[in-house]
Amino acid sequence: MTPRFVLGRIGFSTLIAVLLAFFTIPLLWLATAPFTSDPTYEVRMPDFTWENFQAVVEHPYALPSLYNSLVLSVGTAALVVVLAALAAYALSRVRLPGRDALLYALLLLSSIITGTAAMVPLFQLAVELNLIDSQLGLILILSGGLLPAAIFMLKDFMDSTPKSYEESARVFGASPLQIVWHVVTPLVRPGLATIAVWSVANVWGNFLMPYLLLSDVEKQPAAVITYTLYTEGGQANLRMLSTFGLLYSIPVVLMYLFVSKKYGFRFHGGIKR
Amino acid sequence: MAQATSSPPEPLAEAAAPARRSYSADAAGLGRLRAGVFVAPALLLIAAFLVFPALWVLYLGLTNYRLTGLAAAEPRFVGPDNFLGAVSNPAFWNSTWLTVQFVLGSAVIGQVVLGFTIAWLLRDRRGPLRRLVEGLVILAWILPSAIVSFLWVALLDRDGGTLNALLGLPGFAWLLDHPMLSIIVFNTWRGTAFSMMLYGAALGNVPPSHLESARLAGASGRQQLRDVVFPHIRGHILTNLLLISLWTFNDFGPFLITAGGPDGKSEILAVHVYKVALQGGELGYGAAVSTVILLINLVVAVFYLRLLRSGR
Amino acid sequence: MALRKVAAVLAVAGLGLTGCGQSSGDGGGGIELTITQNAIAGGKNAVAAKHIAEWVIPKFVEAQKAKGKDVSVKFIPSGVDDEQYKTKLSLDLKSGKGADVIDIDGIWAGEFAEAGYIKPLAELVGPEADSWDGWAQIPEAVQGLATYDGKRYALPIGTDGRVLYFNKTLFAKAGLPADWQPKSWQEIVEAGDKLKSAGVPVPIQINAGTAMGEATTMQGVLPLLAGAGGEVQKDGKWTGASQPLKDVLGLYQQIYGAGLGDPKLQQEAKGRDKSFQQFAEGKIGILMEGDYFWRGVVNPKDGVAPMADRDQTVGYAMIPAKEPGAGIRGQDFVSMSGGALRTVNPNSKHPKEAFELLAFTLSSEALKEETKDGNVRITPRADVNKEILAGEPLLTYISEKALPLTAYRPPVAVYPQVSVALQEASAAVVGGTAPDQAAADYQKKLEGIVGGAGNIIAP
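Protein chains in written order, with the numbering used here: chain A, 1 to 273; chain B, 1001 to 1312; chain C, 2001 to 2459.
Certain hints may be false.
What the hints assert, rightly or not - Computed list of lysine-lysine pairs in PhoX-like fashion (alpha-carbon distance at most 25 Å, straight line): (1) C:K2445 with C:K2069; (2) B:K1265 with C:K2445; (3) B:K1265 with C:K2264.
These aren't lab readings, by the way, just hints derived from the structure by calculation. Nothing here was measured: the structure is a model prediction, and the numbers come from that model.
Could you put the whole structure together from the sequences, leaning on the hints where they help?
In structure tokens, the structure reads:
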């Protein structure tokens, strides 16, 4: 038992070390460039300057664009999670005609809508519906593209939850909405958290749709502003890009850690205890 | 799909015993009508902002529509011309083949295996180690593309690249001599987070009591995986495979580090579409290629479904 | 409780949204104009954005007020990749939207005009457009940039020209003169040989391949083609596998086949950026580029690859024809030029006022203001150039020597595809394909792009 245990520990540690290396080494540039006064494509020892951060703070659109990113991604995530949860629950519990075929068809279509070719239809649709230059319009459009996959994933979680709790809740006279909220939601919380983080990540990095649909620079998210940090000839302003990139990614990582700590995996332990 | 996992469609059997089955499944007493109401808002959004524009794309694929020029003012219906043009173009087949390699390598093998491994290794852990690993994996996923391209050029550059410095291989041109390997590893790095999260959540749903009893019965880690975990998360695995494959087919991220080059050696279909539609303005042709991607995705989806059923 | 949290999140998101609904209502009956450029404060073309927002708009509004007109102007910044800017602009114009005054690249004029996205100014604005006093100051060739099918669609904003840059320090090491001016391609290759013998890592950088995109066509294939006496399109017909093209590809083979250039650099996604950095680090001997290289890349003040000793170290020379007299129009030297345009959106509700704003941005007063404080570029106006280029040796050189000999790209919708085909031909040669074969492949692709062999001049 003991040698095997030791071997297991060594194997585990090695594997984790390799994984950490694989995910860390590409990020080194992001750790050094923002603190270097003249970053290039090389990872070099920084000279620890704060000037780049100061330049980002003084940039007229950089910090506000982070707020816009937050509005867009939180809005989209909330809409997607709520609508997908309701739909996934209903589709999991009630056999609506043509359900599986419909889900597959929607999923396939959702892959076409993320492609470059879809920009013209989406743009003209937004024009017709008067959703141009409106963050709400953009949230609706982005949600439409994310919902099929979200429903698909959530339905898995709904399918694998035990149904006995719902039955007992029903015996006590709870309405379906109450059951979904008080009984089902806690059971699939890891799934909901996953969908939320996934939605945020999808919107957070999206450049093309926000750029095309929002003309007003004061509404544009950070992904669009990032693309403006180039010179006239298309050369990158590495000082701004690296520093803004760092500031841009930190909120999402913090959000993930928060969500995973708070909602990710706790309840299940609770219910089985 | 997961419904299919737990109960593969057997219309006859179901029709034979409708009352019992539908009651036990519809535990909350939703009923079809209210189920319809629950589904309606999502479907409405999907219909307006997904189905409608997607069908529009399919239609565009049958026209010679362009972003600018005469064909922008008066697009003509050209029927299957774009498709014929695509399939008679060797560059298109080259792209298709590269895409298959890319999806198999980076999605099916890379992200799914790595994502599951991380989720499994960290399943019982709390505390800083777990946060560190998860944080880094997520960081790779959510970094803006513009930044990521610099990270990977800094890593793989032949002159000052970090990798060459670490390996002591100055001048080795990864992106030029091994472009497909580079973008496969890149995409594994970039997209593992999703699989890790999904499997993490799925493993969280495996009742600890089952694992506990398996462990008490003396099952090894591998046996626990095979006998307890896999059967339980089978649906998640297949969902994940399906989604990851679909997304990877449509991912033009590799454009950022190789721009499809050198000389088209890493020009996967999504990059091909990006080049013809956005850079070349040929929206009709780009839409047609998107449609072909859709058809390939359909085949992939059917394949996974078969896999799902045959395994039961 | 969790419910309340979600509700709070939704409310916050909603709040953020309500603040940003439709905004631009006609406030108080005055005229509202918008102007857009691919420029943004703190980012791409920041100086231009600042100039519009802080000088043009207040001055224009003031001038209009003096005339008794209540006009307000809003600047809509953009500042992304040119292709994306073009995509957005096209979509806007197609749906009847977009700013009243818009900037486009000169090369888009033809495709935009064909699509009906822009209209002849005289049609849109009236006779004021042709009687604008600035026309008299703009050279014929530069006016040509804004002309399509014999009609003026816009006002030119500026122009540029291409030359050969070289590193004088490396040249001294190789025993080459500091006032180097090659008279034929052969002399470029000979200089490359000497640089190579002197240990210069990359003697010559002439862009090739698809990774550099239009920079390959504009700073590589086309200037060389002009030097071989060829044009990519002439009198509505395209040039196929002609002798000039074969000559150009032959030069590529000579440079990259003999180790005078770095073939891998041409394939890398960031190859152009890297070539700039390498030039600044003294690793490249000769490099073909536009005046942008001088102003924006090796500029010691704010270039992307600054060279503190630029004025002493970097030399420049005209691009020679293959042999003296072998260039287009029998020239000894050649160049290529592009330039941006500014025009009135056909969807504008106030085309006359929009044109006034447009003309104001190109008045000599505005151009002088825009180009002061070391921000000099070649403006379209001869009167302004005479004044502002005085202290700028390179820009004067380009303006006086290169521009009279320069050529322009054909402003038609299929040009971007033709350009890609030219890039592919150069890539093939750098990769080892024989020039004749690459030229034949190019012709085949060209036939597919321009609609058959009938539109191609027989070689």
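Taking the hints in turn, this is what the structure says about them:
| no. | hint | in the structure |
| --- | --- | --- |
| 1 | C:K2445 with C:K2069 | violated, 55 Å |
| 2 | B:K1265 with C:K2445 | holds, 19 Å |
| 3 | B:K1265 with C:K2264 | holds, 14 Å |
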